[in-house]
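Line by line, the protein sequences are chains A and B. For the first sequence, counting from 1, position 112 maps to 112 in our numbering; every step adds exactly one. For the second sequence, counting from 1, position 117 maps to 1117 in our numbering; every step adds exactly one.
Just so you know, the hints here were simulated from the structure itself, not pulled from any lab data. Cβ atoms here follow ideal geometry from the backbone N, Cα and C, with glycine treated the same way. Accuracy of the hints is not assured; some may be wrong.
[As the list claims (entries may be wrong)] Derived EDC-like pairs (lysine to aspartate or glutamate); straight-line CA-CA distance at most 20 Å:
1. A/Lys74 x B/Glu1040
2. B/Lys1037 x B/Glu1160
3. B/Lys1106 x B/Glu1040
4. B/Lys1169 x A/Asp200
5. B/Lys1037 x B/Glu1163
6. B/Lys1161 x B/Glu1040
7. A/Lys44 x A/Glu124
8. A/Lys22 x A/Asp200
9. A/Lys104 x B/Glu1163
[Stated by the list, open to error] Partial list, computed: chain B residues near chain A (C-beta under 8 Å):
10. Leu1008
11. Phe1012
12. Ala1014
13. Phe1026
14. Leu1027
15. Gly1028
16. Thr1041
17. Ile1078
18. Val1079
19. Ile1084
20. Phe1088
21. Ile1176
22. Leu1186
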Amino acid sequence: MEMQARQKSTNYWSLVLIGIFKENAIFRLAISLCPAIAVTTGLKTGTLMGIAVVFVTVMVNITVSAIRAFIHPKIRIPIFMLIISGWVTVADLSMAAFARDAYKQMGLYIQLIVAFASILTRAEVFASKSKFVPSFFDGIGSGVGFMVALICISFFREFLGKGTLWGMEIIHARPLLIMLLPTGGFIATGLLMGFFNWIDIRFYGGKGAGGAGGH
Amino acid sequence: MEKEFLKLFEIFIASALINNFVFTRFLGLCIFFGVTKRVETSVGMSITFTSVMMVSAALSWLVFNYIMVPLDLTFLKIVIFIGIIASFVQASDTIMRKVSPGLYYKLGVYLALISTNCIILAVPLINAGDKYSFIESITLGLGSGLGFALALIIMASIREKLELADVPKPFQGLPIAFVTTGLIALAFLGFSGIITQ
Chain A
1 MEMQARQKST NYWSLVLIGI FKENAIFRLA ISLCPAIAVT TGLKTGTLMG
51 IAVVFVTVMV NITVSAIRAF IHPKIRIPIF MLIISGWVTV ADLSMAAFAR
101 DAYKQMGLYI QLIVAFASIL TRAEVFASKS KFVPSFFDGI GSGVGFMVAL
151 ICISFFREFL GKGTLWGMEI IHARPLLIML LPTGGFIATG LLMGFFNWID
201 IRFYGGKGAG GAGGH
Chain B
1001 MEKEFLKLFE IFIASALINN FVFTRFLGLC IFFGVTKRVE TSVGMSITFT
1051 SVMMVSAALS WLVFNYIMVP LDLTFLKIVI FIGIIASFVQ ASDTIMRKVS
1101 PGLYYKLGVY LALISTNCII LAVPLINAGD KYSFIESITL GLGSGLGFAL
1151 ALIIMASIRE KLELADVPKP FQGLPIAFVT TGLIALAFLG FSGIITQ
């Protein structure tokens, strides 16, 4: 199916595009949702989280692809988990060192990148069977797709909730406080997801993504 | 003594209602949206999750305080906690299959899903971050587990009714579930006034 087409594809650009649009982790597949809503109260934290995820996805994909010949198939999942948690520790500690303020706001969620299904899926489905370079671009694609979704959600939430973008004041109106509350996160994500479904149904004749509902 | 009990009670209420894992901390969302299509499945899920959360809170507290802190290994907590949870889940899977096959067929399906779930990993991480004592850690595990169970069952009951509703096509399935969750989260905000310090 799609996954197989993806493995055969040698066009790196299309690998990246599939990850961003067609198999966008949040809007299309509806996996790895948890930190996605938690850190999107501001554009800055959303973007930083996205960068951390891109970093971890790419590094995990590269590592898995590089050592795939030595991984015994029966114990591959624990090994993948070890690799992922190793890279997440690297991201966590560097974030704590270089972006202190933002880290305080989202500390726990950076650590929870470990449990991202989207990263484990990419390692299992793609990187463990593919060469080094395609794995790199696949990692970029799924990581950037996640980041784009985060930026979308956090753009609306910060703009409507505070009237600011990246901390700078844009409009001078009474903000909609509800967008900053948990409620706003759920509703914004739901509406954006519905919007992308609408585009899919209206222009591409798809069925719309009800979400795989995995985790 | 009374003060300690009061603190435990506070942790319990706070983790179950005020900082409910789903509605205010946004954890375990994938599972939350994945299994809440039927009430029956979500009940099975909540039982499994609550027990795993309590046991993993206890195990990881022991390892954290008696092994990792003395050896100065706390920066490796993500790797080690994942290892503890995964091996515990694997072990209980095997034991349950041998000891009580009936229970295994009821709950075993969910057990496999657990080891890579953020909601389970969050409990040891919060315990380690807040430096809770042993009993407090277990209380946090129990409270968050029951809070998660509450969330799952509320959502499953609503979604069974939503099946019959006439939802616009792009919003069918997950998007409407998200909006509904937002509204429940708004209701849960009301709990934030329960404990005043």
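Quick rundown of the hints versus the structure:
1. A/Lys74 x B/Glu1040: violated, 33 Å
2. B/Lys1037 x B/Glu1160: holds, 6 Å
3. B/Lys1106 x B/Glu1040: holds, 11 Å
4. B/Lys1169 x A/Asp200: Within the cut-off at roughly 11 Å; holds.
5. B/Lys1037 x B/Glu1163: holds, 9 Å
6. B/Lys1161 x B/Glu1040: Holds. B/Lys1161 to B/Glu1040 sits at ~14 Å (cutoff 20 Å).
7. A/Lys44 x A/Glu124: Violated. A/Lys44 to A/Glu124 sits at ~31 Å, over the 20 Å cutoff.
8. A/Lys22 x A/Asp200: holds, 10 Å
9. A/Lys104 x B/Glu1163: violated, 41 Å
10. Leu1008: violated, 22 Å
11. Phe1012: It is violated, given that the least Cβ distance between B/Phe1012 and chain A is near 20 Å, above 8 Å.
12. Ala1014: violated, 15 Å
13. Phe1026: Holds, because the Cβ-Cβ distance from B/Phe1026 to chain A comes to roughly 4 Å (cut-off 8 Å).
14. Leu1027: With a closest approach of 5 Å, the B/Leu1027 hint holds.
15. Gly1028: holds, 7 Å
16. Thr1041: Since chain A brings no Cβ nearer than about 11 Å to B/Thr1041, farther than 8 Å, the hint is violated.
17. Ile1078: Status holds, d = 5 Å.
18. Val1079: The hint holds - B/Val1079 has a Cβ within 8 Å of chain A, the shortest such distance being about 4 Å.
19. Ile1084: At 12 Å from the nearest chain A Cβ, B/Ile1084 fails the 8 Å test, so the hint is violated.
20. Phe1088: violated, 13 Å
21. Ile1176: holds, 7 Å
22. Leu1186: holds, 4 Å
In summary, the numbered hints that this structure violates are 1, 7, 9, 10, 11, 12, 16, 19, 20.
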